[in-house]
Amino acid sequence: MKYEIVNATLLKKEEIATGIFDFLLECPSVSKKALAGQFVHIAVPSKTLRRPISICDADEKTIRIVFQVKGEGTKILSESKVGDKIDILAPLGHGFSVDKSQKIAFIGGGIGVPPMLYSARQCDNAVAILGFRNKKMVILEKDFQEVCKEVYVATDDGSYGIHGFTSDILKKIIDEIDGVCACGPMPMLKVIAGICKEHDKPCQVSLEERMGCGIGACLVCACKTYDKDGNVEHSHVCKKGPVYNAEEVVW
Amino acid sequence: MADLKVNIAGVEFQNPVIGASGTVGFGREYGEFYPLSVFGGISCKGITLQPRQGNPAPRIAETPSGMLNAVGLQNPGVDHFIQNDLSWLKEQNTVVIANIAGNTYEDYCQMAEKLSVTDVDMIELNISCPNVKSGGVQFGTSCESVGAITKAVRQFCKKPLIIKLSPNVTDIVSIAKSAEYEGADAISMINTLTGMRIDIHNRRPIIRNNTGGLSGSAVFPVAVRMVCQVAQAVKIPVIGMGGITTWQDAVEMMIAGASALQIGTVLFKDPYAPVKINEGISQFLDENNISSVTELTGTVKLW
Ligand SMILES: Cc1cc2nc3c(=O)[nH]c(=O)nc-3n(C[C@H](O)[C@H](O)[C@H](O)COP(=O)(O)OP(=O)(O)OC[C@H]3O[C@@H](n4cnc5c(N)ncnc54)[C@H](O)[C@@H]3O)c2cc1C
Ligand SMILES: Cc1cc2nc3c(=O)[nH]c(=O)nc-3n(C[C@H](O)[C@H](O)[C@H](O)COP(=O)(O)O)c2cc1C
Ligand code: FES
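The listed protein sequences derive, respectively, from chains A and B.
Note that the working numbering gives residue 147 to position 147 of the first sequence, counting from 1, and the numbers run on in steps of one.
Note that the working numbering gives residue 213 to position 213 of the second sequence, counting from 1, and the numbers run on in steps of one.
None of these hints come from the bench; they were simulated from the model.
Keep in mind that a hint or two might mislead.
What the hints assert, rightly or not - Restricting the straight-line Cα-Cα distance to at most 35 angstroms, the calculated cross-link-like pairs of lysine-lysine (DSBU-like) are:
(1) B:Lys235 - A:Lys240
(2) A:Lys61 - A:Lys81
(3) A:Lys2 - B:Lys159
(4) A:Lys75 - B:Lys276
(5) A:Lys81 - B:Lys276
(6) B:Lys151 - B:Lys235
(7) B:Lys90 - A:Lys12
Said to hold, decoys possible - Sample of chain B residues at the chain A side, in silico, Cβ under 8 angstroms:
(8) Thr23
(9) Val24
(10) Tyr30
(11) Phe33
(12) Pro58
(13) Ile60
(14) Met67
(15) Asn69
(16) Gly195
(17) Gly216
(18) Thr265
(19) Leu267
(20) Pro271
(21) Gly298
Claimed, not checked - Cβ-Cβ distance ranges computed for the label pairs, FRET-style:
(22) A:Gly230 - B:Asn93: 38 to 44 angstroms
(23) A:Gly19 - B:Pro56: 27 to 33 angstroms
(24) A:Lys172 - B:Gln138: 55 to 61 angstroms
(25) A:Val250 - B:Glu113: 35 to 41 angstroms
(26) A:Pro187 - B:Trp303: 31 to 37 angstroms
Even for Gly, the Cβ is constructed at its ideal location relative to N, Cα and C.
Chain A with its partners taken away, still in its complex shape (with noise of 0.2 angstroms):
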C-alpha cells in the first residue's frame, strides 16, 4: 500500500522566528521514504481538514517541518508538545528531482525557504539563494551553510544580507549554473521561471493551493497546467505536483 497514516513523535520543538516554528518527527516509516519536494498532511484536532507542509529535512528516523503561523490550524499544531503524537498523510506529492553533479540554484522565498533545505542536501554543488521580508524573518541560513557551496541571503528592506530580491541575485549566477529549483510566492516563481526561460535553464517550481484529500481524489487543488500535447488542463497539485517544471506551468 502506498499510502500510510503514522502517528509521528514530536522530539524536538522551537520557535524560530516571530510565530515560525521548526519540528523535529520522529516517523521512520516516513522518513525514510521521503523525498526532497514532498510534503506531509497533517490532521489537527478539532479541524476538519489537514494541513499540508513540506517535508524540510529528513534522517533515517526522523523528519523535519518549518511552519509559519497563519490561521487556527497553525496555531493549534504550534501549542503542540514535544511528546505528542501528530497525525501525518505522508509521504505526499511529486517531488525535486536533483542531479547531483550538476551547480543547481535552490531558491527559497520566505516560507518557501523550508523545503528547499532537504532539496539542497541531494546535490554536491548546491547554491541556496534565500529571500525574506526583513532579518527578523530571516530562518535557516546556518543549515544551508552546512548543506550549500555558497549562500546568498536577500531581504526586501536590505536589513540583513543583500538589499534586493532572490531574482536579482540568480541574475547574476544564471551563467555559471546548471538549473534552478524554486519555492516561494507566486510573483517570485514567475519571475524565476522567466530568468531561467530567457537563459535557457532547467527551471522546477513548487507550488501551492488549498487541499482536501491531498492525494488526488477530491479534485479541489487544481492548478493550471500544460498536460503533454501542450493543452491547458486543470492537474492536481498533491499528487501531479506540488513540484512542477516551469514551463508545465500557466503563468
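Guided by the hints, dock chain B with the ligands onto chain A, whose structure is given.
Below, chain B with the ligands alone, put in the same frame as chain A:
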C-alpha cells in the same frame, strides 16, 4: 457477529458504508490505503457526457465543523470512465455506482444508455450539484422537473436508478415522492448545502466560484432531518449522507431511515473512516443483540 449486508434495489452491498461521489475519485487513491472492499460501494466522481476541466482554484474553504467545495464537476467524461476505470473498479469487490450529471435531458439519457450496457452496478443521477451553472441542479429543485428527468432517464436506464437530491429546496419530501412516482429505485441524499465564506482582509470570497457546497459534520443534523422525513414518505430505500463522521452518526442516520450510507468529507481527515465506522456499527449491533444492520433502518420513535 452481526450481518452488515444491505440490499438496495436488488443490489447486495457487503456493508452499508459507500464512498460518496466526488470524494473518492474513481477509487484508485483510497485503494492505496486498503482494499476498496472495505467500502460496501463506491459512488464515483460525477461524470458528464464530455470531459470537463471544472472551476478555477481555490475550490475549497474550511468552515466550522465542515467545508465548502466548488470543484465544478471536473471529470474525464463518460467514455473515459467506461474505458479506463470501470473494469478496474469491478475487480475491487465493491458495488460500483456511476454518478452522472448533465446540462440537458439528452445528456442524462445518453449517459444512462451508455452505462446500461456496461457492468456498472447502479446509476446515481446527480441533479443536485450546486457548483456549475447547468450541472443538473436546474432539474433538482422542483417536483415537476425532478419527475420529468426521472421519467426521461428511466426509459434509457436498465440499471437500478438512484436519484440524488439537493437539500437546497423548500419541500424535499414532495420532490422525493415525484422521483419515486416516476420510477426511481432509490433516493440518495443529501448533496451539499450552498454556502459562502469571505476573506475579511481582501473582501473576496475564499472560493473562486464565490459560493460552494457545504459538507461535513456541520450539515449532519440537516441531513438526519431530511432523511427521516423522506424515508417516512417513500417506499423506496434512502441512502443517507451528509456529515457522517463516526459510527454513532452512521447508526443515527440508519435509525432516521437510511438503508445505506455514503461518507465523504470525513475521509479527508481520516481515510480509515469506513473501517472504523463498520467496526463500530458491528459492535453496536452485537451489544444490542441485533442480528442484521437492516433492522436499524427507520426505527426512530418520533414523538
Ligand atoms: C504543498 C504545500 C506545502 C506547504 N508547506 C508549507 C511549509 O513548509 N511551511 C508553512 O508554513 N506553510 C506551508 N504551506 C502552507 C500551509 O499549508 C498553510 O499556511 C496552512 O495550511 C494554513 O493553515 P491555517 O489553519 O493556519 O490557516 P487557515 O487560513 O485558518 O486555513 C484554512 C484552510 O485553508 C488552507 N490554507 C490556508 N492557507 C493556505 C496556503 N497558503 N496553502 C494551502 N492551504 C492553505 C488550510 O490548509 C485550511 O484548509 C504549504 C502548502 C502547500 C500546499
Ligand atoms: C470535494 C467534493 C466533491 C463532490 N463532488 C460531487 C459529485 O461530483 N457528485 C455528487 O453527486 N456529489 C458530490 N459531492 C457531494 C458528496 O457526494 C456528498 O453528497 C456531500 O459531501 C455530503 O456528504 P459528506 O458530508 O459526508 O461529505 C462532493 C462533495 C465534496 C466534498
Ligand atoms: S487535495 Fe484532493 S485532489 Fe488534491
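Cross-check of the supplied hints:
| no. | hint | verdict |
| --- | --- | --- |
| 1 | B:Lys235 - A:Lys240 | violated (45 angstroms) |
| 2 | A:Lys61 - A:Lys81 | holds (19 angstroms) |
| 3 | A:Lys2 - B:Lys159 | holds (34 angstroms) |
| 4 | A:Lys75 - B:Lys276 | holds (29 angstroms) |
| 5 | A:Lys81 - B:Lys276 | holds (28 angstroms) |
| 6 | B:Lys151 - B:Lys235 | holds (18 angstroms) |
| 7 | B:Lys90 - A:Lys12 | violated (47 angstroms) |
| 8 | Thr23 | holds (6 angstroms) |
| 9 | Val24 | holds (6 angstroms) |
| 10 | Tyr30 | holds (6 angstroms) |
| 11 | Phe33 | holds (5 angstroms) |
| 12 | Pro58 | holds (5 angstroms) |
| 13 | Ile60 | holds (4 angstroms) |
| 14 | Met67 | holds (5 angstroms) |
| 15 | Asn69 | holds (6 angstroms) |
| 16 | Gly195 | violated (13 angstroms) |
| 17 | Gly216 | holds (5 angstroms) |
| 18 | Thr265 | holds (7 angstroms) |
| 19 | Leu267 | holds (7 angstroms) |
| 20 | Pro271 | holds (7 angstroms) |
| 21 | Gly298 | violated (29 angstroms) |
| 22 | A:Gly230 - B:Asn93: 38 to 44 angstroms | holds (40 angstroms) |
| 23 | A:Gly19 - B:Pro56: 27 to 33 angstroms | holds (30 angstroms) |
| 24 | A:Lys172 - B:Gln138: 55 to 61 angstroms | holds (58 angstroms) |
| 25 | A:Val250 - B:Glu113: 35 to 41 angstroms | holds (36 angstroms) |
| 26 | A:Pro187 - B:Trp303: 31 to 37 angstroms | violated (60 angstroms) |
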